[in-house]
Amino acid sequence: MAYTEEELKKELETKEYEYGFYTDIDSDTFPSGLNKDIVKAISKKKGEPEWMTDWRLKAFESWSEMTEPEWANVNYKKPDLQAISYYSAPKSKPKYDSLDQVDPELLKTFEKLGISIEEQKKLSGVAVDIVMDSVSVATTFKKTLAEKGIIFCSISEAIKEHPELVKKYIGSVIPPKDNYYAGLNSAVFTDGSFCYIPKGVRCPMELSTYFRINQAGTGQFERTLVIADQGSYVSYLEGCTAPSRDENQLHAAVVELIALDDAEIKYSTVQNWFPGDKEGKGGVFNFVTKRGICHERSKISWTQVETGSAVTWKYPSCILKGNNSVGEFYSIAVTNNYQQADTGTKMIHLGKNTRSTIISKGISAGKSQNSYRGLVQVGARAKNARNFSQCDSLLMGNECGAHTFPYIEAKNNSAQIEHEATTSKIGEDQIFYCNQRGIDTEKAIALIVNGFSKEVLNKLPMEFAVEAQKLLEISLEGSVG
Amino acid sequence: MEFKEKLLSSHLAFEEDLDLNDSVHKTRASALKVFEDKGFPSKKEEAWKYTSLEALIQKDYALFPKSDSSIEVNDVKKYFLYDTDTYKVIFIDGVYSPFLSNTTHDGLDVCLMSAALSKPKYRKLIDTYFNKIAPEDDSMTALNTSYAKEGAYIYIPKSVVAEKPIEIIHFSSGNENALWLQPRNLIVVDENSQAQIIERHQSLKEHPVVTNCVTEIYVHQNAFLDYYKLQNDLPSASLIDGTFIVQEKNSHASVHTFSLGGKLIRNNLRYFHKGENVMSTLKGVTILHKKQHVDHATLVHHSQPNCESHQDYKGIFGERSEGVFNGQILVDKIAQKTNAFQQNNNILLDDKATVNTKPQLEIFADDVKCSHGCTIGQLDEEALFYLRSRGIPKKEAKALLTYAFANNVLESVQLPSLKKRINGQIAKKLGVNLGFDL
Numbered sequence: 110m111a112y113t114e115e116e117l118k119k120e121l122e123t124k125e126y127e128y129g130f131y132t133d134i135d136s137d138t139f140p141s142g143l144n145k146d147i148v149k150a151i152s153k154k155k156g157e158p159e160w161m162t163d164w165r166l167k168a169f170e171s172w173s174e175m176t177e178p179e180w181a182n183v184n185y186k187k188p189d190l191q192a193i194s195y196y197s198a199p200k201s202k203p204k205y206d207s208l209d210q211v212d213p214e215l216l217k218t219f220e221k222l223g224i225s226i227e228e229q230k231k232l233s234g235v236a237v238d239i240v241m242d243s244v245s246v247a248t249t250f251k252k253t254l255a256e257k258g259i260i261f262c263s264i265s266e267a268i269k270e271h272p273e274l275v276k277k278y279i280g281s282v283i284p285p286k287d288n289y290y291a292g293l294n295s296a297v298f299t300d301g302s303f304c305y306i307p308k309g310v311r312c313p314m315e316l317s318t319y320f321r322i323n324q325a326g327t328g329q330f331e332r333t334l335v336i337a338d339q340g341s342y343v344s345y346l347e348g349c350t351a352p353s354r355d356e357n358q359l360h361a362a363v364v365e366l367i368a369l370d371d372a373e374i375k376y377s378t379v380q381n382w383f384p385g386d387k388e389g390k391g392g393v394f395n396f397v398t399k400r401g402i403c404h405e406r407s408k409i410s411w412t413q414v415e416t417g418s419a420v421t422w423k424y425p426s427c428i429l430k431g432n433n434s435v436g437e438f439y440s441i442a443v444t445n446n447y448q449q450a451d452t453g454t455k456m457i458h459l460g461k462n463t464r465s466t467i468i469s470k471g472i473s474a475g476k477s478q479n480s481y482r483g484l485v486q487v488g489a490r491a492k493n494a495r496n497f498s499q500c501d502s503l504l505m506g507n508e509c510g511a512h513t514f515p516y517i518e519a520k521n522n523s524a525q526i527e528h529e530a531t532t533s534k535i536g537e538d539q540i541f542y543c544n545q546r547g548i549d550t551e552k553a554i555a556l557i558v559n560g561f562s563k564e565v566l567n568k569l570p571m572e573f574a575v576e577a578q579k580l581l582e583i584s585l586e587g588s589v590g
Numbered sequence: 011m012e013f014k015e016k017l018l019s020s021h022l023a024f025e026e027d028l029d030l031n032d033s034v035h036k037t038r039a040s041a042l043k044v045f046e047d048k049g050f051p052s053k054k055e056e057a058w059k060y061t062s063l064e065a066l067i068q069k070d071y072a073l074f075p076k077s078d079s080s081i082e083v084n085d086v087k088k089y090f091l092y093d094t095d096t097y098k099v100i101f102i103d104g105v106y107s108p109f110l111s112n113t114t115h116d117g118l119d120v121c122l123m124s125a126a127l128s129k130p131k132y133r134k135l136i137d138t139y140f141n142k143i144a145p146e147d148d149s150m151t152a153l154n155t156s157y158a159k160e161g162a163y164i165y166i167p168k169s170v171v172a173e174k175p176i177e178i179i180h181f182s183s184g185n186e187n188a189l190w191l192q193p194r195n196l197i198v199v200d201e202n203s204q205a206q207i208i209e210r211h212q213s214l215k216e217h218p219v220v221t222n223c224v225t226e227i228y229v230h231q232n233a234f235l236d237y238y239k240l241q242n243d244l245p246s247a248s249l250i251d252g253t254f255i256v257q258e259k260n261s262h263a264s265v266h267t268f269s270l271g272g273k274l275i276r277n278n279l280r281y282f283h284k285g286e287n288v289m290s291t292l293k294g295v296t297i298l299h300k301k302q303h304v305d306h307a308t309l310v311h312h313s314q315p316n317c318e319s320h321q322d323y324k325g326i327f328g329e330r331s332e333g334v335f336n337g338q339i340l341v342d343k344i345a346q347k348t349n350a351f352q353q354n355n356n357i358l359l360d361d362k363a364t365v366n367t368k369p370q371l372e373i374f375a376d377d378v379k380c381s382h383g384c385t386i387g388q389l390d391e392e393a394l395f396y397l398r399s400r401g402i403p404k405k406e407a408k409a410l411l412t413y414a415f416a417n418n419v420l421e422s423v424q425l426p427s428l429k430k431r432i433n434g435q436i437a438k439k440l441g442v443n444l445g446f447d448l
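Taken in order, these protein sequences are the chains called A and B. When you number the first sequence by my numbering, it's gap-free, plus one each residue, and the end is 590. When you number the second sequence by my numbering, it's gap-free, plus one each residue, and the end is 448.
Calculated directly from the structure, the hints in this document are not laboratory data. Incorrect hints may appear among the rest.
[Unchecked claim] BS3-like mimics (lysine-lysine), calculated; alpha carbons at most 25 Å apart, straight line:
id: 1; chain 1: A; residue 1: K492; chain 2: B; residue 2: K405
id: 2; chain 1: B; residue 1: K347; chain 2: A; residue 2: K476
id: 3; chain 1: B; residue 1: K405; chain 2: A; residue 2: K286
id: 4; chain 1: A; residue 1: K455; chain 2: B; residue 2: K362
id: 5; chain 1: A; residue 1: K492; chain 2: A; residue 2: K476
[Stated by the list, open to error] Here chain B is said to cover these stretches of chain A; the calculated rule only asks that three of the stretch's residues, wherever they fall, bring their Cβ under 8 Å from a Cβ of chain B:
id: 6; segment: 494-505
id: 7; segment: 511-522
id: 8; segment: 542-549
Ideal Cβ placement from N, Cα and C applies to all residues, glycine included.
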């Protein structure tokens, strides 16, 4: 029997968040609220040196003077930052050498998510630094990496063991004063990943982290710092899924990338946090600051697939400081039901002969709002800068919205900038064409959406591409009217 | 005394002298309140991010110029479309000049805003149309409304085709040290009617002039309006222009803006659709040199199904000039089957020239075709080489290419004599004789 669109719609509406479950692990949680003492306590709890505590306190001070930004094209009830607990770590804490020692509850959680560590370890050759409620609990393949001189550990570990690197680079791309949420993060970040690739080393495997928000009422403040030294290469993967929860959770992460001369960093994200149910209740607030700096002849490439979160506010950016450096941004943002996404990138051309590419694909369905907001800036000294931007939006259903806010600022006459954007729905003729050839409507839509996002999907590492495609399916199946 | 204070304190005296009906007085008072609260727009506002009025408002401008400025026809003839017979509404320093004008009440009204605002026979029209579409929260528009006194009032009744084009020209004589003008135009094109209008602001001597102009335009069912804005003023003159257009069913309104001169120009152009099958055209050519600054802020609000809008803005920027394009397309949920296109191409000729562009799409309907394209680049080296290899000097070759670049906007100019003149002005601006007419 034919599967009608109505049925599909119904099925999709009632489809609960697949990954919504709650792991029962004792955690060690701070009282809610934020003040100087909490910042100090976090720092003390993590056993940080004094300079770090001071840095946090300074960040806290400048943050206290800032106000929450309101320019983004999103509507939400501002989270009460005083009602959040700023520290939560799973209690069964000691570091593990092997997987057997890991709390089985935790392992089950990962299995449910389809990222069993064993499997990943054996089959995919991916070293996973899993962050669960702010403290990294498992790091694999560390030894293999150590042989090459690659440092891949949690940021708190790095603060203790590699203070010279952390001190030099932390806050160098995103200073604590940068924006409200970056300031907050700088004051209270509890953990995150740190990665350093030494000169001339090509990282043999994809490094990856999994973030999860687990404890009710805990905001998650991740801090990631990736440094690629001269002539090195690294591909970094970040993936997120969060359990279903009614109350809004806040996620304000900071990711800093530093590509020194001739280095290349590829940073991929698949984000699938709980988007809220079909009435728009609950869901994660994702206010993330991501930025990378490119030195001479280096390259930073951001790829993201955003399917989750109730509110997304995220602009992975590149500062093309060095001559001949390259910045890339590939994004698919899918919104359904009441989700809101305001995402895009900034490409700041400062050096000569710098190039950047922006490909952004927005798909909105249900009652969601999807915005692209980007900046391409060419400084007066950036001779021969080149940019190509393309933003396409696909609308499904008549209650959603797609918006484009590109800012283009050129101060140099040798700059060549192209921008194009289109908004459309899936054409009746396209579907008819498929139907005519015996492909049913549902499959035709999947086919068209897949083709629409192919340019970006192709940029993802193999391991992620499969998962990303699955996520697209979950988010969009049958949402076409 | 700051200029804002002056504007606020002068208003009472200004208002007492005027004999207007009550509703207009009220509108003006509330508009002044908006301006008082908001003040002049600053760069902190998103809509004015790239254009600063800071330097402009430092001067002390005369608000009420002496009315005895007279000018000779021969001095200003070159600014008219002299080889075509036209209706003319001409103002000198904000005051109507019956001597230079050629108005009419025969079949259609081409006359004065001051008459429309005060005479009882226009009362109904003013109640229906005056300050109905000008945005209330925009401080520059509010300032204009609070001081609205003079300007052109044009009414084309049902099923009338205005046989002659209508010219609206605002001269500033240069008799004042610094002058602040606030003309207010109202144009109504009724059902099945047609009109062609040319608007121009021109100063005759180098002296600081700021014109804060507002034009409200109503285009009714099946009507057609063709509007041209010529902005080729002296380097001491600035213009802040607000043009707001309402379109009813099956109507077509097109606005061409040619920004070739002046110090600072800001064009706010907004379209609102009130019926289906509406067609809106917005085109512009901007050619700038020196330290000129031109900001085009357009909005097309698609609030009805089956409508179409086309935007095409070309910019050529030399020396230290700055160009801004801020184009917004808004498509409401009910505006299905909308076709909205926007194109903004820019050429930077010199090192210090700047372009800031922000094409925005906000779309809430799903069955639409909307696109925008935007480029910033240089003249094609290969094309330049091609021309030079055929014996065309570099300067002419560049001019030819620039001319070609702007040409598809010129193509849609409906008045041959106007087209010819703009063509000539572009050639002059580029410093060459093209040797052919179009």
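Those earlier numbered hints the structure runs against, lowest number first
The structure breaks hints 3, 5 and 8; every other hint is satisfied.
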